[in-house]
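*Asks:* If you read the protein sequences in the order shown, they are chains Z and S.
If you use our numbering, the first sequence corresponds to residues 1 to 395, in order.
If you use our numbering, the second sequence corresponds to residues 1 to 395, in order.
To be clear, the hints were calculated from the coordinates, so they are not data collected in a lab.
Just so you know, not all the hints are guaranteed correct.
For chains that are exact copies, the list does not tell them apart, and a pair is met inside one copy or across any two.
[Said to hold, decoys possible] Below, simulated EDC-like cross-link-like pairs (lysine to aspartate or glutamate); rule was C-alpha separation at most 16 Å, straight line:
no., residue 1, residue 2
1, Lys372, Glu362
2, Lys17, Asp4
3, Lys28, Glu59
4, Lys34, Glu350
5, Lys12, Asp168
6, Lys46, Asp4
7, Lys313, Asp168
8, Lys130, Glu29
9, Lys395, Glu220
10, Lys349, Asp158
11, Lys349, Asp124
12, Lys46, Glu89
13, Lys383, Glu361
14, Lys333, Glu59
Everything numeric in this text was worked out from a predicted model, so none of it was measured.
Protein chains: 2
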Amino acid sequence: MTTDFTYYTPTKVIFGKGAERQVGSLIKELHCKKVLVHYGSSSAKKSGLLDRITESLAEAGLEYVTLGGVVPNPRLSLVHEGISLCKREGVDFLLAVGGGSVIDSCKAIGFGLYHEGEVWDFYDEKRKIKGCYPIGSVLTLAAAGSEMSSSSVITNEDGNLKRGINSDSSRCRFSIMNPELTYTLPSYQTMCGAVDIMMHTMERYFLKGNTMDLTDELAEALLVTVKNNAYVLKDNPHDYDGRANMMWASSLSHNGLTGAGNSSPGDWAPHQLEHEMGGMFDVAHGAGLAAIWTSWALYVYKENPSRFARFGKNVFSLEQSGDSEKDALAAIKATTDFFSSIEMPTNFKELGIDPSPAQIEEMAEKCTFFGKRTLGNFMNLEKEDLIAIYKMAAK
Amino acid sequence: MTTDFTYYTPTKVIFGKGAERQVGSLIKELHCKKVLVHYGSSSAKKSGLLDRITESLAEAGLEYVTLGGVVPNPRLSLVHEGISLCKREGVDFLLAVGGGSVIDSCKAIGFGLYHEGEVWDFYDEKRKIKGCYPIGSVLTLAAAGSEMSSSSVITNEDGNLKRGINSDSSRCRFSIMNPELTYTLPSYQTMCGAVDIMMHTMERYFLKGNTMDLTDELAEALLVTVKNNAYVLKDNPHDYDGRANMMWASSLSHNGLTGAGNSSPGDWAPHQLEHEMGGMFDVAHGAGLAAIWTSWALYVYKENPSRFARFGKNVFSLEQSGDSEKDALAAIKATTDFFSSIEMPTNFKELGIDPSPAQIEEMAEKCTFFGKRTLGNFMNLEKEDLIAIYKMAAK
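If we strip away everything but chain Z, and leave its shape as in the complex, we get (with noise of 0.2 Å):
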């Protein structure tokens, strides 16, 4: 049975090339008069980007105020200078120049020039969002679909905490694609990107219950799709079709589309999975996704075997036996020599990380919320799960 379900994308996307020069104009339609321009590492100012937003800014009549150093895993910190420097200048509209970590670096900075006091509260579940103030984004990467999703995830250097939530009030009002930007992206971060961008439909994909037909064509057409250009990107890295495609689907993976209709909004355990290791050892988002995935999927197949049966066939073209033990298997394999074939980890070795058991156990505990939730929908998972899960990934 079809499952109620809210869907919301009022993001205009601006998608071709040069698109960035249409930045001041898009925020003048808004009516807004001194922008942040929020950003992460140099490369942004190198190769001339943020140049020419700010030339398309000072056309437009637009102020503006820049802010770069936002990292992978974005910082608290971070977002607590932003939210001063915006106070102090008057700021009224956020632009993220970037990818995820620069979006979400906004959302959060948005959250709490909306409100008062301390922004981490929303995060820690402590208070409720009512309201954010306005952000587009120019996307540099495609991988976290934060360009048109709800969400936003922040890290609190304070305990290592990596926290995210969701907020249709934070959606973007623009985003603008410019495949081209993600040219000089070096292999590693642009398959970590189609990881990433899979693993968003993924985690809608794996569930209990019931999902609707139209849901899970779309899902396993933007899986295809984006396997068949992280091939095409490994051979040219400079295909202006592959980032085309990556691009988009990065956005159209995590904005709702893939998971409209099914009965829950999706398993999120290995993305939950990975938080904590990317909180604890600082790994790329999609490697680590990448890395944990094959011991989720092993731990879980059997609550719904002929679930994992369907996507080999559907994603992977794999020939069914009609055991759907056997067909899940191989549809886990498949999976996982896809991520190898790509130069993704599928373990913790390849990833280069040897997390001890006392890690393990943390990392778990830390999951969990210090025991307040468990995890899964595909199968509901307790701390000792999650610590066998690890284990595996481990070995």
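Assemble chain S onto chain Z, guided by the hints.
*Replies:* Just chain S now, kept in the frame of chain Z:
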């Protein structure tokens, strides 16, 4: 090469059983005060739907006026009546309760309220649209996709002219989709809806030039789902999942998703050929599309047989011979057979019309806006081509 595009679907979708009871609070959130409840036939009254809606409006403290009587191929005269009524009553929100015709009529009223002067001027391409009054919809028919689209089609009784226009300003603020509201729809109309839904994606699929991988995959996924669920609903009109898939597909098929990144907005010749059939004979839109599509396809397929071959392979699971002309013809036959199997007409005779040569000439002339345009993108069609296609369908 992926083509630049803008994707903008701000409509908030509230999907599920009883969702219409949320209508009052949704309008209140938008700070509107007085609502036009616009609808079609008396069935919305008899079924109790209108009562549930007006109760919800009253509970939210909203005033309302009602205007029924919208017919398929909605009329300009009723649009004029609606504009006068809304001005007189101080209406600030337009609520469409129905399918595409009612929503399109609301959009026209919304344009008329936003601007001074004659609203037909926009449809007649004499003036440009600058805005629209806010619109919401409670969908009772899965077909036109107007609930998430930017388009509106109105018929001017003076000259029997049917004209469509597009404006983002007229996209619904919300659309309430309760699949149960379509249970009572007769099979013929349900299947007309299925054809219309498929055709909105097929018009975007068959074009000259390049398409985006992801868009092609998503388009095929949607078409497969609609085809499968048409069969489900043929056997069981009260199948909730069948109705749900059809309803969600109707929105996704016409909101821009299945055309993003393609080298043109699509072909649209079948739609335009059908518009004039509808204008002259008042046939059901979906049935008219089915009746003209095969002739159109057989007339144009040689421009790019491999596109039709791919369509046959991925939508109808046809084995490929490798001879693209042969495979294209097989794909056209499979589509025609599918229309027949859901009791849709595939030529004029089955549609129950028998246009005279003079009528064919008149329809072709009107298609070209009296010599002002040609039709199509997959193949550019002039008046003689349109006459030839109409004649093929009339054989």
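*Asks:* Hint numbers the structure violates, sorted upward?
*Replies:* 4, 6, 7, 9, 10, 11, 12 and 14
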